[in-house]
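Participant: So the protein sequences, as listed, match chains A and B.
Its first residue numbered 1, the first sequence is counted upward by one per residue in the numbering used here.
Its first residue numbered 352, the second sequence is counted upward by one per residue in the numbering used here.
Calculated from the structure, these hints are not laboratory results.
Each residue gets a CB set at the ideal place from its N, CA and C atoms; glycine is no exception.
Watch out, some of these pointers could steer you wrong.
Distance condition first, Cα-Cα at most 30 angstroms in a straight line; then the derived DSS-like pairs of lysine-lysine [as the list claims (entries may be wrong)]:
1. B:Lys-530 x B:Lys-546
2. A:Lys-82 x B:Lys-546
3. B:Lys-530 x A:Lys-82
Take a look, some chain A residues computed to stay more than 10 angstroms from chain B by CB distance [what the hints assert, rightly or not]:
4. Gly-35
5. Asp-87
6. Pro-260
7. Asp-263
8. Ala-300
9. Leu-309
Residue strings, one per chain:
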Amino acid sequence: MDETFLSVRDLHVEIPTRRGVVHPIDGVSFDLGEGETLGLVGESGCGKSMTLRAILGLLPRGARVTTGEILFRGRDLLSLSKSELRDVRGRSIGIIFQEPMTALNPVMPVGDQIAEGPVAHLGYPRQGGRERALDLMRQVGIPDPDRRFAAFPHELSGGMRQRVMIAIALSCEPDLILCDEPTTALDVTIQDQILKLLLQLQDSTGMGVIYVTHDLAVVAQMCRRVAVMYAAQIVETGPVESVFVEPTHPYTLGLLRAVPHFDKVKDVLDSIPGIPPELIDPPSGCRFRPRCRFAEEDCAAGAFPLIPLAGDHATACRHWTSCRDSVLADPVIAQNAIPSLDGLPSARRGE
Amino acid sequence: MVQARTPAIAWRPEERVIGRGPRRRSPSLIAGSAILAILLAMAVFAPLLSRYGPIPQDTSHALLHPSRQHLLGTDQLGRDVWVRLLYGARIDLVIGFLAVLLPFVIGSTLGCLAGYFGGWTDTLTMRAVDVILAFPFFVLVIAIVFVLGPGTTSIFIALAVTDWVSYAWIVRAEILAAKRQEYVLAAQALGYSRKRIILRHLLPNVITQAIVYAMSDIVFAILAIVGLGYLGLGVPPPTPEWGSMIADGQQFITTNWQLATIPGIAVVVTGLALSLLGDGLADLLRPE
Chain A
1 MDETFLSVRD LHVEIPTRRG VVHPIDGVSF DLGEGETLGL VGESGCGKSM
51 TLRAILGLLP RGARVTTGEI LFRGRDLLSL SKSELRDVRG RSIGIIFQEP
101 MTALNPVMPV GDQIAEGPVA HLGYPRQGGR ERALDLMRQV GIPDPDRRFA
151 AFPHELSGGM RQRVMIAIAL SCEPDLILCD EPTTALDVTI QDQILKLLLQ
201 LQDSTGMGVI YVTHDLAVVA QMCRRVAVMY AAQIVETGPV ESVFVEPTHP
251 YTLGLLRAVP HFDKVKDVLD SIPGIPPELI DPPSGCRFRP RCRFAEEDCA
301 AGAFPLIPLA GDHATACRHW TSCRDSVLAD PVIAQNAIPS LDGLPSARRG
351 E
Chain B
352 MVQARTPAIA WRPEERVIGR GPRRRSPSLI AGSAILAILL AMAVFAPLLS
402 RYGPIPQDTS HALLHPSRQH LLGTDQLGRD VWVRLLYGAR IDLVIGFLAV
452 LLPFVIGSTL GCLAGYFGGW TDTLTMRAVD VILAFPFFVL VIAIVFVLGP
502 GTTSIFIALA VTDWVSYAWI VRAEILAAKR QEYVLAAQAL GYSRKRIILR
552 HLLPNVITQA IVYAMSDIVF AILAIVGLGY LGLGVPPPTP EWGSMIADGQ
602 QFITTNWQLA TIPGIAVVVT GLALSLLGDG LADLLRPE
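Given the sequences, and given the hints that come with them, work out the whole structure.
Facilitator: See the structure below:
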């Protein structure tokens, strides 16, 4: 099969508002290989979650895709009919939401919610769906599934609820799982358990994962490749080791510098000055220019497509060399700070 | 597939109650259902609890005061008031429940569709609601029953025509709020059909409000039936019915006060029981 597993090509989404047209996704392109994990990072409102919703054809009311294509195994998801799309959703592409308390139906026992996909999509009989659900609950590490089957979401802890969410996403054995900040609402120990579970499941099923988050540490742990979004556009993409150790876009550098470290306790945390631009009327030229300390005069105009660099790395910054020089002078992450790849399942290593 | 390692997780004790086990039952639920159970038992076992028939007249024993033979005395036609009260419960409770069932079903269905689909479905439904709400409820019911002629069927039709608006209103509002919830987006993301989303995901979340309202609505329905009976538009005589008992009894209020008062108390007790039950159900049906 030579076609790419998932290929988003020059995606544009617009939302007409009273104050003008907002472009929450403005020319986003990325590829995902079979069984690969892509991290999508950026500030709130930069278009990460919107990208996931566009893939599933579930944009909020009023929003629409103007141009671009989303090729999933060679099929353009944007051209599918409603019923074809329903068949892809849940069955080929699963999604895990950030807050399992609100994403689970509060008045339906969790077991029934897990069994619903197989019953609705795969034609399981009632009892078969129940068996399948119990199986999945075991798989995602829910203890005593026979008893938990009849539990309502509010009777479970946050970590258990997210496990239920994962079981639902897995229930029809999708090829691709979209994760919309699945651990943001959890405390760190539970987050660690959930991340390990996801890695393990990915390893055993070989599914592709798009992992949306604003937590760079999670990306480092989960993903082989990362795409950094800023103001509705992807500004840098590449292998995690390369992007995090040698960022070539000032925004990525700013994000990395803003991460607090245990070993380097400072009085004042680094931050990126300014606020993200309004997407109704973004700055001309490079959108990061007003907040960028490397900005030069030619940054104020023109288009900023991704420039391919060595090693599958790409950046939207014209002056990426100054960014790299700054990193060389003052490394963001010690070379050995990226977790060693030895302890992780092969899906993470990707080779 | 590999089994995920199950991390040791300490379950908080309050989480041990799982599933459809006993949940908190409020005192109002217990009181309400107890009173209602007694009323229903009285209605069901009316023949066993009465020494006389509710309809045969015995004018030689008219207007007797309470005694051993006649627990609550007799009315102007010599019929035992206790017996008529029991048989009246059959009529009033059954009609009360049935009269609410139809509006409940019609209103919830229309409210559901209007809320979920919006657009012209919503506009059409809500304009119809406005038209009916423009009339005072009881006046509209009386007018319809008057046109159709007194009787049980007329009462059902009148209540179905006027009362569905409350349910449509409640369910629509609930659906509008519920369909913005993330679990609906999640259901869409899982590729479920609209029918499945409405019936399996939205309806169970919103219908509790309508059920709770239905409890207090039965009180209204019974009051409407009693009111119509009092006006002579209800169940035709000689069928025992609380409203007509009150109407018939009031002319003897100075000599035989119990004739009008006792059925009145029955109405109040029934209303109280249903209100308590409604409150209790509201607590019980909301999982959070």
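Participant: Determine for every hint whether it applies to the structure shown.
Facilitator: Tested hints:
1. B:Lys-530 x B:Lys-546: With a Cα-Cα distance of about 13 angstroms, the restraint between Lys-530 (chain B) and Lys-546 (chain B) holds, given a limit of 30 angstroms.
2. A:Lys-82 x B:Lys-546: Satisfied, since the Cα-Cα distance of roughly 14 angstroms is no more than 30 angstroms.
3. B:Lys-530 x A:Lys-82: Roughly 19 angstroms separates the two Cα atoms, so the pair holds.
4. Gly-35: holds, 15 angstroms
5. Asp-87: violated, 6 angstroms
6. Pro-260: holds, 27 angstroms
7. Asp-263: Holds: least Cβ distance 28 angstroms, greater than 10 angstroms.
8. Ala-300: About 39 angstroms separates Ala-300 (chain A) from the closest Cβ of chain B, which puts it past 10 angstroms; holds.
9. Leu-309: holds, 35 angstroms
Violated hint: 5 only; the structure is consistent with all others.
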